[in-house]
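Q: This is what each chain is made of:
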Amino acid sequence: MNKVPKWVDVALIPLANLVLALLVSGLVVLWIGENPLKAMQIIVQGSLGSAYGLGYTLYYATNFVFTGLAVAVAFQARMFNIGGEGQALLGGVGVALVCLFINWPHWLLALPVAIAFGALFGAGWALIPAYLQARRGSHIVITTIMFNFIASALMVYLLVNQLKPAGQMSPESGPFVPGAHLPTAHEMLAWIGIGFPKSPPVNVTFIVALIACVLVWLLIWRTKLGYAIRAFGHNESAAQYAGISSFRIIMISMLISGGLAGLMAINSVMGEAERLLINSVQGAGFVGIAVALMGRSHPLGVLLAAILFGVLYQGGAELEFELPAVTREMIIVIQGLVILFTGALENMVRIPVENYFVRRGTGAR
Amino acid sequence: MTAPAIELRHISKAFGPVQANKDISLSVAPRTIHGIVGENGAGKSTLMSILYGFYRADHGEILINGKPTEIPNSQAAIAAGIGMVHQHFKLVQNFSVLENVILGAEDDLLLKPSLKKARSLLEQLAEEYELRVDPDALIEDLSVGHQQRVEILKALYRRANVLILDEPTGVLTPAEADHLFRILSSLRDEGKTVILITHKLREIMAITDTVSVMRRGEMTATVRTVDTNPQHLAELMVGRSVLLRLEKKPAQPGRTVLNVRNLSVSDGRGVECVKNISLSVRSGEILGIAGVSGNGQTELLQVLGGLTPGTGQVDIDGSELPLTGPGSDARARRETGIAHVPEDRQQLGLIMDFMAWENMAFGYQHDDRCRRGPFLMNVNSMQDYCLENMQKFDVRPMSIEALAKNFSGGNQQKIVLAREIDRNPVLLVVGQPTRGVDVGAIEFIHQQILDLRDAGTAILLISVELDEILSLSDRVVVLFDGRIAGERITAETNEAELGLLMAGVTDASAPDKAANSA
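Sequences listed follow chains A and B, in order. Quick note on numbering: my numbering labels position 23 of the first sequence as 29, and the sequence is numbered without any gaps. Quick note on numbering: my numbering labels position 493 of the second sequence as 1451, and the sequence is numbered without any gaps.
So that you can see chain B by itself, here it is in the shape it has in the complex (with noise of 0.2 angstroms):
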């Protein structure tokens, strides 16, 4: 048997307080795709980041090809043979693709003969793994999927014979990551190594040969795929057992409660991000909003949440939003019933440094039960129901005074929607209400928004997990670059179907069609 391409022998490494790695022991055999599992926090970034030389572990030592081998950063780590795909790229917008190959990597002071010599590898590259990019093409015109191709390019152009990649179906649509994966089988084919670092069971079982679970700095396991099944990981992964797809009764929609007209948004730089929109949600009905991050589902969720203007008509029960000036800020918002849970729970929803009970008031701080007369707070009342509101949703710890960053992912976006639900909203927005969640946690606030539905409110989903939009939703609306792609009903459909509209692959009625199926 040969050595092992990777072999991590007892790892540890703590951040402060924080013990990110756990004595962690991993061997990778060359010529195979191992995947590395694991929930948000569980420490794959950490051990990754060791190996490619961004941190020193603790204690610990690797061996690449079976000689120990110092990392101190990451050039050593090029040498040594590793490349690494960020999650987010790291390529210089206005260069070409060439350019971006060789940045960091010129052999000589002119760049001429770097250039040349570039071109003929990345042909060579082309025909071999179905790499295909123009290499004259500027980064800002390539679609996401070429510029994680080029940033695979980069790394094997330094020489990599271990590919690292960190979640790389995040920003992908669905045929995107196939072609990736055939990229990447083929890569195995030809003897390299990659190290696949995901979230998606789904990932793992499709592609990979062997697959390592992490859970709390820990590694749990490391098995052969063919001998498990996403229901297994999931277990290791959170160490119990878990439902992977909910119980989920038939919508019973009653009247329309939003109702959007050719709604356009535009971000700070004045870019039209969402496109004369129209859409409607029922009570007691869940409307997903698919599509690859960065087609409009921020912006329309924004402007819903009262966090940007637009223009066009948003009605609520009837009666008209401003969507700009007065009354169009998020306390008017959240006046008039719609309750919303944002994207980003760490940059919006919550104030990392404020306690629980602080948090569980914020956006609402002028209600009845958080204030005693004009000015002051009501601490008391605060604090009970903040309690209250913790106990009805296993928030753990249970104590209301610790600061909101010291509470996981799937703790803290809990304490967001107890907060955005408990209001009986009219209507709620919610986006990404699962990502950075633990597994074991993603049910139960999936659990909680099916209630939700089910006591009639009306719930407008933006997810790029398209599992759960399928999941939850009832109906779906596709956005492609800031236009509905196609509206479906979900038990009408599919994930391929739905990739191809995510994609930008429209029906040629969409726009309409989406304004008159309400």
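So here's chain A without its partners, still in its complex pose (with noise of 0.2 angstroms):
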């Protein structure tokens, strides 16, 4: 049998495609009038060579890690849920009920219950596309992003005329209560005494990502129900054929999925802000999906695609910051290029190298 070495598959195709993308945004920073090689560097170090840049880096991460999962998840089982934007403002709303009219005593006790409340809102804002796919055969894909619209606009009725305290301007809540505060990268770090910068917000919530990735790993590849998921995306008729019910699949995992989506308000809500902001996922749930297609709707790859993309966000922060001529947009266009590349092209790179490596291996036998 011809095969593709493995390391090929996870390691160099990727590898490939970001080197691609970095060499045509290079091209983009050249003809603004500006060295790509210094912008590569103020990216990177700004996002990597220090621990301010790292802690803001891994706080992006963490937001991406949740938003990947709940796609790759959905991806599974072909459901194309993009509607990661609208359930984690929804897991948003769940948290913060959790950490406003409860008086915690401390983080531990508040956490697992902000975990369940933020995953509750998140899956119950997946289950009517859910179930309009599952019953109806309603597009998961205009429904969920239907729903994205009337999860902001819903936001703004929350904070204007529920949750904002009297006499304030800002559309926002009140600030939650202390015995809610999640702990810093700066304060874990202290207690075995190293010494972490202040300012950057990353915090418990990434080992939670940690955990949620090795959940969904196993409940992939190691559970019944994994099996049946995979099995329904892979092929809708074959799995009828094997008793599996698509209701039961479609709905489960698009909750699964909405449930992941409304975590990342553990890290953004619950973690920085400390209060409901009216937009406090700022696109995190459309990166979710670049990162789920990067990285191949695996965990790990899912993590590693976060982390990437944590870099971008960060550095590129810092590199708008440091040249000028760069700005937003030129940010907005270089992460574009990235997801381009390891997303839509994929095969382009993807399918020379696998024939290359195939007719090197039957012309070593």
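All clues stand as given, with none of them false.
To give an idea of the chain A side of the interface with chain B (calculated C-beta under 10 angstroms), a few residues:
1. K230
2. G232
3. A237
4. H240
5. N241
6. S243
7. Q246
8. A248
9. G249
10. S251
Under the rule of at most 27 angstroms between Cα atoms (straight-line distance), these lysine-lysine pairs were calculated in the BS3-like manner:
11. B:K1158 with B:K1206
12. B:K1074 with B:K1048
13. B:K1158 with B:K980
14. B:K1363 with A:K12
15. B:K1158 with B:K1363
16. B:K1048 with B:K1070
17. B:K1363 with A:K230
18. B:K1025 with B:K980
19. A:K230 with B:K1350
Far from chain A, some chain B residues (derived; all Cβ distances over 10 angstroms):
20. E1028
21. S1429
22. T1448
Simulated from the structure, these hints should not be mistaken for lab results. The beta-carbon is built from N, C-alpha and C at its ideal position, and this holds for glycine as well.
Mind docking these for me? Both chains are given alone in their own frames, and the hints should help you get the complex.
A: So, in structure tokens, the structure goes:
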């Protein structure tokens, strides 16, 4: 049997895609009259070169892990959940309710309840699109994107009319109770005597994200449910032949997906803002799609891709600061190029590389 | 000696890692019928697609009437006088025969002159070749055999001198196939050259002048048909000696296991496909369901397998099966002891991107041996079980981590069969067990089905291969247009009689007789 070595599949091809994306981005930077190597250096230095930058990079990465896992789980059932944005917003509402109205004695008690509520609200927001897909065949892409709009309108209503403290101007909730404060990396590393800057928002949720990766891996590759989800995702009629109910799989996979997206609020709402803001998600739901694509819907791939996008976010912010010619929009262009090359144009690199290795493999025998 | 009508020299073609054609040379003499046989995946269709301009060869050249010719697309093939009749017809259903014939070959902006010309040509062709079709009939009203004639007419209208037919008899009744062969003979006698691609050795022997055998992308032999025999061809196809007929012990039928009464099934569009069928199968017995494909067999299989709802009554060992609603799904069917080998293993029976061990549990993922507690899969036990079954069924490569799509058709089928047989089902319903399976594996699969029968399982066998029905089943029911056209004891019937029933020539008393004979 002719087979491509595994390292080519999981490492070489994504890397080649990334290099291509960076090359084209370099041309863009060159075109606006800046030095691409210097830009590259600022991105890497700014995101990974200091404890401060790393702290921000991992904070962003934590958000993307949750939204990336959300898309990945749905992908396994061949459901294209692009409603991560709305589900994460609603997750924020769940988390905020827990952290506003209960006077928690300790964050260790608050965290599990907040996780449950964040997941529950996120899943709840996926429930109606899932049901419409499973029962009526309404396309999940259409319904979930509609629900993103409904979610952001709902946020405005909730914050302006319900959760905003009287007399406050900005549409946001009041601050959370002190007992719901999650320890930041600065505080946690101080317990074991390591110094870490105070301002980066990375917090204990990063560990929750790592645990979520392991749990999703277990779910997909080690449980009967994961087996059924993958079977359904590969071939719906074969799944029916095996006695797998399509209604059940669509509902469950979308609820898990929505729940994971909702968990993002633990990081951004509970861990960072410590209040509910009008746009706590800031596009992370959509980045999750790119993360899942690049990570090939595998939890480890999602983790790595999330860190890469964390680097692009944090490094991009630094770049915008250091090189005024590179505007915010230019950063988005670069991120877009990475998505284009790693997601949409993946086969452009994959097919020639695979052919090369297969030919070499047959030649050697 | 005249130049060959078609000559291929050293043709090679690879699809990624797969070498579909390796250094193939072939010479087809004019005014002959040349057969090309080979197992599925031997490279026959690829070779013909190169000749017809669908693919370009990586190496090699094509000579037509002695002249080197480039065929970059099918227009070039048509211009070079090559016509192709595909396995799946390419006709516009709601156009008339005439309109289909001129489609894409109109002379003029206006249709009328072309239609007129085509009409007179069609009349002439009908005279010459026994190719009679009503030029004004709509395609959707024609039988499959007539539709095929339209395809041949299309090729002839485009002045084809060489006609390629890809598995032309797969959808025909034996009588229709005989008629087709008469047409092909008269085409040859009038000076055309015919290339016939098939995997049915009987047809090769009946009609061809020369035959080429392909195996694994290579041309292994070209012989004159009079100098060979089916046994010899089968050996050339497989590369070793094979048994074409199996030793079969007499059946020992026991209790009635499956009892179907007045079963009707409609497809997704609400068209009734199975119409009021009654039949029964006893333990230790194989009931064959014969018929041209598309006469209700698929739906019958699906309703028994729990994939489609139906109406009527189906009893298994005396207890009634729900045909709609809860309890009528595939999982419930398996729990009743019905094993189902689907007609299309790649679409239903396997997940092509799953590994062998995952597929070996497919449908039985709730079994105790496949799980550890209520949620987790028991991967170790599933893998051990898979290896055990692969050894028992001689699945190659014997790799539990290979993906289903990387096995050959025969080995894929062995995985499905191993999985379904191993649970000692009360009833096995099996569709097209050897479709797309290499000759070597057919023998093995047939033997497994017979062994299961002898162990006391009731078996419902659906196949469009009459040979298969005749060699395996104890009784035969013929389906035509969703109804039972007749029922026979296999030992007391023959191909000709079944062929008539398949064409819808029924016994007057057929439905009642089928119901009462059990």
